[in-house]
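Order-wise, the sequence lines are chains H and Z.
If you read the first sequence in this note's numbering, its first letter stands for residue 1, the second for the next number, and so on.
If you read the second sequence in this note's numbering, its first letter stands for residue 1001, the second for the next number, and so on.
Watch out, some of these pointers could steer you wrong.
Claimed, not checked - Some, not all, of what chain H presents toward chain Z, calculated at C-beta under 8 Å: (1) Lys31; (2) Ile33; (3) Lys34; (4) Ser36; (5) Glu84; (6) Lys113; (7) Asp176; (8) Ile177; (9) Thr180; (10) Leu181; (11) Ser186; (12) Phe190; (13) Arg198; (14) Val201.
Hints in this document: simulated from the structure, not taken from any laboratory.
Idealized CB from N, CA, C, for every residue including glycine.
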Amino acid sequence: MDKFEKLTGIAAPMPLVNIDTDMIIPKQFLKTIKRSGLGVNLFDEMRYDRDGKENPDFVLNKPQYREAQIIVAGDNFGCGSSREHAPWAIKDFGISCVISTSFADIFFNNCFKNGILPIVLPKEAVDVLMKDAEKGANARMTVDLPAQTVTTSDGEVFHFEVDSFKKHCLLNGLDDIGLTLEKAASIDAFEAKAAAARPWV
Amino acid sequence: MSPKTLYDKIWDAHVAHEAEDGTCLLYIDRHLVHEVTSPQAFEGLRMAGRKVHAPDKTIAVPDHNVPTTLDRANAATMTEDSRIQVEALDKNAKDFGVHYYPVSDIRQGIVHIVGPEQGWTLPGMTVVCGDSHTATHGAFGALAHGIGTSEVEHVLATQTLIQKKSKNMKVEITGKLRPGVTAKDITLSVIGATGTAGGTGYVIEYCGEAIRDLSMEGRMTVCNMAIEGGARAGLIAPDEKTFAYCMGKPHAPKGAQWEAALAWWKTLFSDEDAHWDKVITLKGEDIAPVVTWGTSPEDVLPITATVPSPADFTGGKVGAAERSLEYMGLKPGTPLQDVTIDAVFIGSCTNGRIEDLRAAAAVLKGKKIKDGVRAMVVPGSGLVRAQAEEEGLADIFKEAGFEWRLAGCSMCLAMNPDQLAPGERCASTSNRNFEGRQGYKGRTHLMSPAMAAAAAVTGKLTDVRELM
Ligand code: SF4
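Take the sequences, apply the hints, and build the full model.
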């Protein structure tokens, strides 16, 4: 999994509340064989019209936000189904941090499995960050995971909380597999013991 | 030593690491893989530069998407996205060196039928697959459950699963079954009694005389639907029938290894005084041939009953029943046996084994299906199909008017072209009657193969005992 340490980049403002996983990645894209490549269909129904033409009013289609790496969103981001395709699409687009007042639980956890940092901040802070994001490409926000801060383009600093274990995993790029592989010696030892006890397996 | 359940014993034999909070790394003996939930997992390995930890313990077979029509060798019979998923499995199996049964192989079939048939599934093993009906393998006294795509990748990379232990639940079916009552009626009746969340947090062990009396095929049917009861897994202690089934299977141990395996397998039972967190007992004699009337597998009634009214329920079930009846197009008070059907599906990992086809053929022998009914048999594997042909069952089906298909999941989940049309009503031997499961707005009644065959003959939901 990608590490997340410190990121300075463009933030796209999405003041909509309840952005659900169907909006993030509609169900017709679930019959894919890939986890990557979903970025072009991120927010598909908002981003394109029926003929596949870009909707110029959608934030990520605007020239100043095409390279966004952060989303600042309204309440309850990521509600809906448990599809891991949602964080896959977000990550594939190039976004690795989402800031909101609240997230749906499953989506929140799925983010950490996929190198994305979801940040929860109080409404006043999100309002300030939303305004900063609306300034466009010249206003770069900085997210610093070790320091647990978000800094606006004007230098205003907000401190956020994050579970220490999740922080450790994200900083070191450890997914569940990475963590399990830290116990490779135990697995190998078990395998040797099991092979002796149950050689037919 | 303190007494243990069968689940405790298998669990203890597979803990590779235990953290202080009780989170364990459970070692996985067999990992079954199919085309729909695995592509992202394999891709994850590639992106991280990882290998499959134990390709020898990993078995792949395409089943969910594959066409079951006789012309399927022609790639054009598949929709493009399905074809791509199957081709991805072909490539992943080859690149990562796992065991593979491609569509062209006679051993291809539904993953949960292929595993036992090839002797991959054996007593005391841990078995996982990115599919909820992995519980099927519990019939061998193997701890088997479904996992998600991230977990598929985790098992591929590490051969372990991060797990916390579930609680123990005993489901005992005492006494004998009455004529016309089958394993499917047992498993549906258990779900009817406990509800779809009754098993949540538990691993179920099925026991009692009626379970002992079942064949291995019947036991697989029972365990298959443990998941519909909410359980993490279903288990049945292995016995002489289990050992006889396993003996001589291609990947079962031979010679001295067989003897060693057998010695261990014989210790795999729940100790007399083992602790159970929950116990359910049903009398075998009380179980009737049943069908589902609604859109949840717990909506089970004896075939002799009438369609219930929402007023028969309480709490949240009232609204659910209203919605179910509306979706199913049924009126309260209608005798179930007056409900006419349009389609019959015999197959799936619940009831696509040879014994299921025998039971259905026994009802159909010398009969024709009702005019206007569309009926298909989809054997669970190429080998089941071949055996059914050898036994003359295929001829019985064909003469009765059934389509005789190639192996796959088919109309169990309707991911391939085998689908119900909106409003079509199907007597089905599969395991889920959810809205849209067998096709958009399709209506599913779950039942045993014999009951589905009876429905094909009369064109209505039918008490199979009247045709016996
Ligand atoms: S037959 Fe149905 S339940 Fe079984 S594996 Fe296939 S789709 Fe799943």
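Verification of the supplied hints:
no., hint, result
1, Lys31, "holds (5 Å)"
2, Ile33, "holds (3 Å)"
3, Lys34, "holds (6 Å)"
4, Ser36, "holds (7 Å)"
5, Glu84, "holds (6 Å)"
6, Lys113, "holds (6 Å)"
7, Asp176, "holds (6 Å)"
8, Ile177, "holds (5 Å)"
9, Thr180, "holds (5 Å)"
10, Leu181, "holds (6 Å)"
11, Ser186, "holds (4 Å)"
12, Phe190, "holds (4 Å)"
13, Arg198, "holds (7 Å)"
14, Val201, "holds (5 Å)"
Violation of the numbered hints given earlier is absent; every hint is satisfied by the structure.
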